[in-house]
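Visitor: Note that our numbering has the sequence shown beginning at 74, numbered continuously upward.
One should not assume that every hint holds.
As the list claims (entries may be wrong) - Derived DSS-like pairs (lysine-lysine); straight-line CA-CA distance at most 27 Å:
#: 1; residue 1: K88; residue 2: K123
#: 2; residue 1: K114; residue 2: K151
#: 3; residue 1: K90; residue 2: K151
#: 4; residue 1: K92; residue 2: K191
#: 5; residue 1: K95; residue 2: K123
#: 6; residue 1: K81; residue 2: K169
It is worth saying that the hints were derived from the structure and are not from the lab.
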Amino acid sequence: MAIVAKLKKYLDSNKVKYKALKHKLAYTAQEIAAAQDVPGKQVVKSVLVKAGDKYVLAVLPAIHLIDTKKLKGMLKCKSIKIATEKEVEKVIPDYKAGAMPPFGNLFGLETYADKILKEDVEIVFNGGTHKDTVKMKYADFERLVKPKVADFGKHI
Numbered sequence: 074m075a076i077v078a079k080l081k082k083y084l085d086s087n088k089v090k091y092k093a094l095k096h097k098l099a100y101t102a103q104e105i106a107a108a109q110d111v112p113g114k115q116v117v118k119s120v121l122v123k124a125g126d127k128y129v130l131a132v133l134p135a136i137h138l139i140d141t142k143k144l145k146g147m148l149k150c151k152s153i154k155i156a157t158e159k160e161v162e163k164v165i166p167d168y169k170a171g172a173m174p175p176f177g178n179l180f181g182l183e184t185y186a187d188k189i190l191k192e193d194v195e196i197v198f199n200g201g202t203h204k205d206t207v208k209m210k211y212a213d214f215e216r217l218v219k220p221k222v223a224d225f226g227k228h229i
């Protein structure tokens, strides 16, 4: 299986240069970094977060965790929690849980990107499965998604 058709069509229709990459089965962003032989800082993970009564997509490097206090303050919500696998399947049905790409706009979700991602020219992220990744320029990601860039990650 290659990158999910919806993502491929979106990237192609926006004339984005990208590489679709294959690797052995990997479930975490750190495993993907090792399989693709790229720094963990360059591998992006997408985390569905329930902020109050709405969902948002938080995008950050593999080597970071979400600082929920920072994110909660930034979103000005009363409660914040990482979505369960069932919630992910409901909100983002086209993708395997844990393998969704960082394009919240494809799912009608606000997307928040950790500011450290701007430091890398290229990013690598899940292509919708646990064996497929996409490598593209961060600038193209930012142009397409228009994420709110903020400081909400903390080093593992």
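Visitor: Each hint needs a verdict: does it hold in this structure or not?
Guide: Taking the hints in turn, this is what the structure says about them:
no.	hint	in the structure
1	K88 x K123	32 Å, violated
2	K114 x K151	30 Å, violated
3	K90 x K151	40 Å, violated
4	K92 x K191	19 Å, holds
5	K95 x K123	31 Å, violated
6	K81 x K169	16 Å, holds
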